Amino acid sequence: MSDVTRLSAAELAEQLGRGDVTSVEVTQAHLDRIAAVDPAIHAFLHVSSDEALATAADVDARRAAGEPLHALAGVPIAVKDVVVTKDIPTTAGSKILDGWIPPYDATLVTRLRQAGLPILGKTNMDEFAMGSSTEHSAYGPTRNPWDETRIPGGSGGGSAAAVAAFEAPLAIGTDTGGSIRQPAAVTGSVGVKPTYGGVSRYGLIAMASSLDQAGPVTRSVLDSALLHELIGGHDPRDSTSIPESLPELVAAARGGDVAGMRLGVVSQLSGDGYEPGVKARFDDALALLADAGAEIVEVSCPSFDYALDAYYLIMPSEASSNLARFDGMRFGARTLPDEGPVTAERVMAATRGAGFGPEVKRRIMLGTYALSAGYYDAYYGSAQKVRTLIQRDFAAAFDKVDVLVSPTSPTTAFELGAKLDDPMAMYLNDVATIPANLAGVPGISLPSGLSSDGLPAGFQILGPAKADDRLYRVGSVLERLLEQQWGGPLLAQAPTLEVA
Amino acid sequence: MTDLVDYDEAIAEFDPVLGIEVHVELGTATKMFDGAPNSFAAEPNSQVTPVSLGLPGALPAVNRRAVEYAIKIGLALNCEIAEYCRFARKNYFYPDNPKNFQTSQYDEPIAYEGHLDVELDDGEVFRVKIERAHMEEDAGKNTHVGGSGRIQGADHSLVDYNRAGVPLVEIVTHPIEGAGSRAPEVARAYVRTLRDIFRTLGVSEARMEQGNVRADVNLSLRADPGAPLGTRTETKNVNSFRSIERAVRYEVSRQAGVLRAGGAVTQETRHFHEDTASTSSGRPKSDADDYRYFPEPDLVPVAPSREWVEELRAALPEPASDRRKRLQAEWGYSDLEMRDVVNADLLEPIEQTVAAGCAPAAARKWWSGELARTAKAKDVEVTELGVGPAHIAELAGLVDAGKLNDALARQVLEGVIAGEGAPSEVMAGRGLEMVSDDGALTAAVDKAMADQPDVVAKIQGGKVQAVGALIGPIMKEMRGKADASKIRELILERAGQ
Numbered sequence: 001m002s003d004v005t006r007l008s009a010a011e012l013a014e015q016l017g018r019g020d021v022t023s024v025e026v027t028q029a030h031l032d033r034i035a036a037v038d039p040a041i042h043a044f045l046h047v048s049s050d051e052a053l054a055t056a057a058d059v060d061a062r063r064a065a066g067e068p069l070h071a072l073a074g075v076p077i078a079v080k081d082v083v084v085t086k087d088i089p090t091t092a093g094s095k096i097l098d099g100w101i102p103p104y105d106a107t108l109v110t111r112l113r114q115a116g117l118p119i120l121g122k123t124n125m126d127e128f129a130m131g132s133s134t135e136h137s138a139y140g141p142t143r144n145p146w147d148e149t150r151i152p153g154g155s156g157g158g159s160a161a162a163v164a165a166f167e168a169p170l171a172i173g174t175d176t177g178g179s180i181r182q183p184a185a186v187t188g189s190v191g192v193k194p195t196y197g198g199v200s201r202y203g204l205i206a207m208a209s210s211l212d213q214a215g216p217v218t219r220s221v222l223d224s225a226l227l228h229e230l231i232g233g234h235d236p237r238d239s240t241s242i243p244e245s246l247p248e249l250v251a252a253a254r255g256g257d258v259a260g261m262r263l264g265v266v267s268q269l270s271g272d273g274y275e276p277g278v279k280a281r282f283d284d285a286l287a288l289l290a291d292a293g294a295e296i297v298e299v300s301c302p303s304f305d306y307a308l309d310a311y312y313l314i315m316p317s318e319a320s321s322n323l324a325r326f327d328g329m330r331f332g333a334r335t336l337p338d339e340g341p342v343t344a345e346r347v348m349a350a351t352r353g354a355g356f357g358p359e360v361k362r363r364i365m366l367g368t369y370a371l372s373a374g375y376y377d378a379y380y381g382s383a384q385k386v387r388t389l390i391q392r393d394f395a396a397a398f399d400k401v402d403v404l405v406s407p408t409s410p411t412t413a414f415e416l417g418a419k420l421d422d423p424m425a426m427y428l429n430d431v432a433t434i435p436a437n438l439a440g441v442p443g444i445s446l447p448s449g450l451s452s453d454g455l456p457a458g459f460q461i462l463g464p465a466k467a468d469d470r471l472y473r474v475g476s477v478l479e480r481l482l483e484q485q486w487g488g489p490l491l492a493q494a495p496t497l498e499v500a
Numbered sequence: 001m002t003d004l005v006d007y008d009e010a011i012a013e014f015d016p017v018l019g020i021e022v023h024v025e026l027g028t029a030t031k032m033f034d035g036a037p038n039s040f041a042a043e044p045n046s047q048v049t050p051v052s053l054g055l056p057g058a059l060p061a062v063n064r065r066a067v068e069y070a071i072k073i074g075l076a077l078n079c080e081i082a083e084y085c086r087f088a089r090k091n092y093f094y095p096d097n098p099k100n101f102q103t104s105q106y107d108e109p110i111a112y113e114g115h116l117d118v119e120l121d122d123g124e125v126f127r128v129k130i131e132r133a134h135m136e137e138d139a140g141k142n143t144h145v146g147g148s149g150r151i152q153g154a155d156h157s158l159v160d161y162n163r164a165g166v167p168l169v170e171i172v173t174h175p176i177e178g179a180g181s182r183a184p185e186v187a188r189a190y191v192r193t194l195r196d197i198f199r200t201l202g203v204s205e206a207r208m209e210q211g212n213v214r215a216d217v218n219l220s221l222r223a224d225p226g227a228p229l230g231t232r233t234e235t236k237n238v239n240s241f242r243s244i245e246r247a248v249r250y251e252v253s254r255q256a257g258v259l260r261a262g263g264a265v266t267q268e269t270r271h272f273h274e275d276t277a278s279t280s281s282g283r284p285k286s287d288a289d290d291y292r293y294f295p296e297p298d299l300v301p302v303a304p305s306r307e308w309v310e311e312l313r314a315a316l317p318e319p320a321s322d323r324r325k326r327l328q329a330e331w332g333y334s335d336l337e338m339r340d341v342v343n344a345d346l347l348e349p350i351e352q353t354v355a356a357g358c359a360p361a362a363a364r365k366w367w368s369g370e371l372a373r374t375a376k377a378k379d380v381e382v383t384e385l386g387v388g389p390a391h392i393a394e395l396a397g398l399v400d401a402g403k404l405n406d407a408l409a410r411q412v413l414e415g416v417i418a419g420e421g422a423p424s425e426v427m428a429g430r431g432l433e434m435v436s437d438d439g440a441l442t443a444a445v446d447k448a449m450a451d452q453p454d455v456v457a458k459i460q461g462g463k464v465q466a467v468g469a470l471i472g473p474i475m476k477e478m479r480g481k482a483d484a485s486k487i488r489e490l491i492l493e494r495a496g497q
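Top to bottom, those sequences are chains A and B. The first sequence runs 1 to 500 under the UniProt record's numbering. The second sequence runs 1 to 497 under the UniProt record's numbering.
In case anyone wonders, no lab produced these hints; they're calculated from the structure. You may find that some hints are simply not true.
As a list, the in silico DSBU-like pairs of lysine-lysine whose alpha-carbon atoms are at most 30 Å apart [said to hold, decoys possible]:
#, chain 1, residue 1, chain 2, residue 2
1, B, 141, A, 95
2, B, 90, A, 95
3, B, 476, B, 403
4, B, 447, B, 476
5, B, 141, A, 86
6, A, 361, B, 90
7, B, 463, B, 476
8, B, 236, B, 141
9, B, 90, A, 385
These stretches of chain A come out as covered by chain B in the derived footprint (C-beta under 8 Å, 3 or more residues) [claimed, not checked]:
#, stretch
10, 101 to 110
11, 222 to 233
Among chain A residues calculated to face chain B with C-beta under 7 Å, some are [claimed, not checked]:
#, residue
12, 87
13, 237
14, 239
15, 318
16, 321
17, 324
18, 325
19, 330
20, 365
21, 366
22, 371
23, 372
24, 373
Keep in mind that this is a model prediction, so the values were computed, not measured. Beta carbons are placed, not taken as given, at the ideal position from N, Cα and C, and that holds for glycine.
Produce the entire structure from the sequences given, and follow the hints as far as they go.
If you want it as structure tokens, here you go:
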């Protein structure tokens, strides 16, 4: 029984459908696994065992009664703690939300519940999704299942580690500048940032509204497609949600084929700063795709050189405003001033002083400055212009090629603490993922193999907006070819964790 | 404290320039950005959703009806309607502001560059130029408990978020120049005309006393109409027509005093005090308030199609001033009568009463007479008495048919207000119908004439006005249920006159 945790979600779904296992058994197995390995990994901030088992029992009963169920019904899932869950604590990795139990569900959570996916718990993350290592969590870092001295990526390190450590077959992440794709890359999992507006943001605690996007973190390309189809689609509560229906994602993942496709290698995303081992795995993967009939084309996107700069103005600007509501007035923690009068303003200040961590404060200050009178045009305004240029670069590139490809992250997982005191070095880790967020286009990261240090590297595929199916079409082919080489999923090669 | 300058003297010396910002709460079923009900006077914090509470993760979605109302207002103010506009965030911290930013429109309003012709008391028309009308959301409401009820010295404060997210349209004028001594009247008439428009359009109940319509009045003085604009003050939240006029008058006198003494007017917000008709200093308002506006990334732009705008334009109701002129002509009211009706907000019920078959004169008599008096005594709106246009039309019909006289009709109306039913039901229930049986009436007349032969002698002697002395006792005998003119006729007939 214990090996149900090693299966992909699609395999689990099949076994559940055939009645080989029950959802209660599957859910319990994952809860047991969490109990065994999470003390070392710390992927979870909250484990919702009772709720998960109740959902599992309900699905089993409905299945036994012959009710038609969603393909993923009964497959448990972990949800990043930035996603609001009714009656399940939600903190966004921050002390300022310590003890907050939301009175409502995010739209994507409603869809998970309706489809009967037991929610195992809430995963660790950098505070308010600010960071690339999960070290900025107010509740302590998550560790990489491949090497516990290393970071699992961020901000969604908890979701990626939960999937890679076999604590959950599926997880939800959010990606503002790479927070799904980079953790997926450094943990050997698959992560997808859908087209902006493709998955409702209603109930996602916002960092930067115009960049945030929720998406799947899984162990296979097909699993991501299954989850993406479930959580995606129009939501009237999110004004920026795309009104048209999603393209056929699962079909694309099952029927992948790259013959005749043109893959553009972005020259700006494969040069200096990329570790040789990461670059080598990327080139090997490209060769496989070329052998499978894809045409490899070099593409230049010159404005990408300014993406990081634009991102680090737009993101904190929006964050400074989005985080203003955390003031100790309506929800979450409230801190009274140590001394002196207790006025609304002083309570807000004391609450924010005590409740926000240093990275959050840094970005609020940056954003407040960038939006302030006299600086708006120079900073926020200029950054928006760069954003438009990046969008044009993508548009021009997609006139020539079907998808763009690059390594997901310049490096494999770095050591815990290595970049904690150097924000700029931390920010540079997102150089390859950020352009997609600025342009709203979809991206996937899947494992390209192990780099020279024995740690996973990621392969990123970017498509035009609303053409998320192309990610799955190309990704599934590459995954199949690589797994033929490896003799199975890359995660099967992950070290067996010491069981507590 | 500067000395006030007499208003006429101040106006002789300085030229006033007005600027008026009017906020109107739209009467939509739900709030600006979420599905919470938009309703007044509910239990505190009962009309809220995660969106109106600004909970983490909550997102706004624009209320299409609110956009429609904003466009209607823009069209009624002769504005251009934007083909594409956006919301922006106005960032500031305050406990009644759930997200600590207000979602508003900043540099891209839905409507801009219009004008409104305002009719003054003597019929003169003054054109006010409109700079913009934009959409935004209201904030919640703070109540300070303990101390004087103001925030200073309060023990604690309570916040009610029912109003948070209620849709508002803010209408901003260009500087209103050339009003001269009539500036206070122009200010009042402008806000009044706007209020009428909101009601005619059906976009708001527009009740000043409930804060549905709030006006901020900017005023500055300058040496003469050619001079550059002076420093202005902004008197906030003036909420009656009379107060608007008085606030302007006061500021003209006050600022003239400051300037005459060689001082400089401070740019600041000011509060208006009803009891003393004066203003006092609020907070200094420099142009340096930094709201860090930026386009609201949670909302897609608003792009009303031209077809929709033209549909709304075609369906605009008749402008209030045109409607007033038309109705006055139809009803044959004098200017004074019409002004009284308009001032008492009775145009609507009278129109409906006339439509229900009542003569315009009778409709006016009942609404602005008996009903207005009763409403005033009970301290409610005349429309809240439970008497509808159909009731008044029926009542007037009963009078016309000779079934009720005025005194009886007033008693019937009392019954209607008391909830005893429609006029005919009250008449039957209270037994108020006039006696039409000539026998009973003749008997009462005969009795009265027999009782007072001296009066009869006077009448027969030619003093016809003495009839009055007999009518009283006969009416009493008939318990009021007789037609006085018929009694008079009978007496004269029997007295041989």
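To see whether the hints hold, each was checked on the structure:
Note on residue 141 (chain B) and residue 95 (chain A): the hinted pairing holds, with a Cα-Cα distance of about 28 Å set against a maximum of 30 Å. The hinted pair formed by residue 90 (chain B) and residue 95 (chain A) meets the criterion: a straight-line CA distance of about 27 Å does not exceed 30 Å. For the given pair, residue 476 (chain B) sits about 18 Å from residue 403 (chain B) by alpha-carbon distance, which is consistent with the 30 Å threshold. At roughly 12 Å between alpha-carbon atoms, residue 447 (chain B) and residue 476 (chain B) fall within 30 Å of each other, so this suggested pair holds.
For the given pair, residue 141 (chain B) sits about 27 Å from residue 86 (chain A) by alpha-carbon distance, which is consistent with the 30 Å threshold. Proximity of residue 361 (chain A) to residue 90 (chain B) is assessed by CA-CA distance (about 20 Å); at most 30 Å being required, the pair is judged to hold. The straight-line distance between the Cα atoms of residue 463 (chain B) and residue 476 (chain B) is roughly 23 Å, inside the 30 Å bound, and the hint therefore holds. A C-alpha spacing of about 16 Å is found between residue 236 (chain B) and residue 141 (chain B), which places the hinted pair at or below 30 Å, so the restraint holds.
With a CA separation close to 22 Å, the supplied pair residue 90 (chain B) and residue 385 (chain A) stays within the 30 Å bound. Beta-carbon proximity to chain B at under 8 Å applies to 4 residues in the stretch 101 to 110 of chain A; the threshold of 3 is reached and the given coverage holds. Here's how the stretch 222 to 233 of chain A fares: 0 of its residues keep a CB closer than 8 Å to some CB of chain B, so the rule of at least three is not met and the hint is violated. Evaluation of the residue 87 (chain A) hint against chain B yields a violated restraint, the C-beta minimum of about 14 Å exceeding 7 Å.
Checking residue 237 (chain A) against chain B by beta carbon gives a least distance of about 6 Å; that is within 7 Å, so the hint holds. Because the closest C-beta pair between residue 239 (chain A) and chain B is about 5 Å apart, less than 7 Å, the hint holds. Using the Cβ-Cβ criterion of 7 Å, the hint placing residue 318 (chain A) at the interface with chain B is satisfied: the shortest such distance is roughly 6 Å. Because the beta carbon of residue 321 (chain A) sits about 5 Å from the nearest beta carbon in chain B, less than 7 Å, this interface hint is met.
At about 3 Å, the closest approach between the beta carbon of residue 324 (chain A) and any beta carbon in chain B falls short of 7 Å, and the interface hint on this residue holds. Below 7 Å, beta-carbon pairs count as interface contacts, and residue 325 (chain A) has one with chain B at about 5 Å; its hint therefore holds. Nearest Cβ of chain B to the Cβ of residue 330 (chain A): about 6 Å, under the 7 Å cut. The hint holds. With 7 Å as the threshold, the beta carbon of residue 365 (chain A) stays out of range of chain B, its nearest partner Cβ sitting at about 13 Å, so the hint is violated.
Evaluation of the residue 366 (chain A) hint against chain B yields a violated restraint, the C-beta minimum of about 13 Å exceeding 7 Å. Interface hint status for residue 371 (chain A): upheld, as the beta-carbon distance to the closest one in chain B is roughly 4 Å, under 7 Å. Of the supplied interface hints, the one on residue 372 (chain A) holds, with its beta-carbon coming within about 6 Å of a beta-carbon of chain B, less than 7 Å. Annotation: interface hint on residue 373 (chain A) holds; nearest CB of chain B at approximately 5 Å, less than 7 Å.
Violated hints for the displayed structure, listed by number in ascending order: 11, 12, 20, 21.
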